[in-house]
Amino acid sequence: MTVSLKVATIQCYGASAAVCANLVDSRDAERGTPMNRIPHFANATVTALLAAVGALNATGADLSVDQVRAALKNASPAMPADLSGKDLSDLDLSRLDFRHANLRGASFFGSKLVLSDFRGAALEGANLNGAWLMGTDFTGANLNRASLLSVVILGGEVRKMPIFKGANMTGVRMIADLPRADLSGANFSNAVVGVNIKNQGMGQMRTDLTGANLAGATLAGADFNRSLMAFCDLRGSNLRGVNFFRVKLAGADLTGADVTGADFTAADLEATIFRDVKGFAEVKGLDSAANVDKIVR
6 MTVSLKVATI QCYGASAAVC ANLVDSRDAE RGTPMNRIPH FANATVTALL AAVGALNATG
66 ADLSVDQVRA ALKNASPAMP ADLSGKDLSD LDLSRLDFRH ANLRGASFFG SKLVLSDFRG
126 AALEGANLNG AWLMGTDFTG ANLNRASLLS VVILGGEVRK MPIFKGANMT GVRMIADLPR
186 ADLSGANFSN AVVGVNIKNQ GMGQMRTDLT GANLAGATLA GADFNRSLMA FCDLRGSNLR
246 GVNFFRVKLA GADLTGADVT GADFTAADLE ATIFRDVKGF AEVKGLDSAA NVDKIVR
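The number in the numbering used here is simply the position in the sequence shown, starting from 1, with 5 added.
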């Protein structure tokens with residue numbers, strides 16, 4: 006049987022069945038998995054195709070680690086490496102220099118990117134789900150509409166947070182543990198960082214930004230619902246229209262931030278600092294927020 010490598014574009018990008026099962030929508034759980042809803046002959050065909058693809062390439066990646074290294078080695082400031090659209094899933098790409106590389110639409114699903122350098126890289130629409138990001142540097146990178154769900158930050162020998170200082174994170178989808186991470190000056194406009202309650206697997210996790218540095222960041226229109234943001238530095242940040250539903254903001258510093266239209270419904274505001282903020286009269290949900298009487302102004 007002839008099988009095109011294009012079959013490998015299945016959205017799980019070579020992930021194990023267990024990982025993919027965790028991404029099944031809760032509605033699918035009620036109706037049965039997609040495999041159970043298709044005819045038996047189709048089920049057998051899909052199984053055969055997946056087996057054939059697995060035999061052709063165990064990782065599903067378009068390039069090997071050596072090929073990626075070669076592409077990066079041959080790059081120059083005038084002609085950065087172009088790996089756009091490539092499937093680089095499940096590869097160990099740790100400690101590599103991706104600076105200013107064109108990685109638009111690339112998949113790093115489950116890949117190890119420990120201590121790799123992505124400063125100034127173009128990662129628009131990239132898939133970083135399940136990637137290992139200990140000590141990875143995304144300073145000034147363009148991650149517009151990228152996906153960073155269930156990324157691995159904690160554990161292993163390297164115990165450094167990834168850096169997103171000044172990164173373009175507009176429209177990004179992210180669930181991650183980033184306590185004390187540097188995201189200062191980053192642009193999270195219209196990002197979805199909060200819990201997706203329609204997905205059972207993702208509904209069990211939430212983003213942890215406890216003590217993170219978001220000073221001067223732009224979060225306008227972003228969804229941070231249910232995130233952990235206690236003692237977060239949000240000084241001078243743009244928080245216009247942000248969804249802070251049930252967010253833990255105890256001890257966070259919003260000094261000088263623009264909170265116009267931000268929604269603090271059911272948020273924990275114990276000792277949250279609102280000094281010199283703009284648009285405080287236009288915030289929403291304060292009547293249902295916890296510890297409003299302990300706000301610092």
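There may be inaccurate statements among the hints.
Stated by the list, open to error - No farther apart than 25 Å at their CA atoms in a straight line, the calculated lysine-lysine pairs in the BS3-like style are these:
id : residue 1 : residue 2
1  : K283      : K203
2  : K299      : K170
3  : K283      : K299
4  : K78       : K91
5  : K299      : K289
Quick caveat, the hints were computed from the structure, so don't treat them as lab data.
Small disclaimer: the values here were computed from a predicted structure and weren't measured.
Cross-check of the supplied hints:
no.: 1; hint: K283 x K203; in the structure: violated, 34 Å
no.: 2; hint: K299 x K170; in the structure: violated, 31 Å
no.: 3; hint: K283 x K299; in the structure: holds, 19 Å
no.: 4; hint: K78 x K91; in the structure: holds, 17 Å
no.: 5; hint: K299 x K289; in the structure: holds, 17 Å
Against the hints set out earlier in the document, violations occur for numbers 1, 2.
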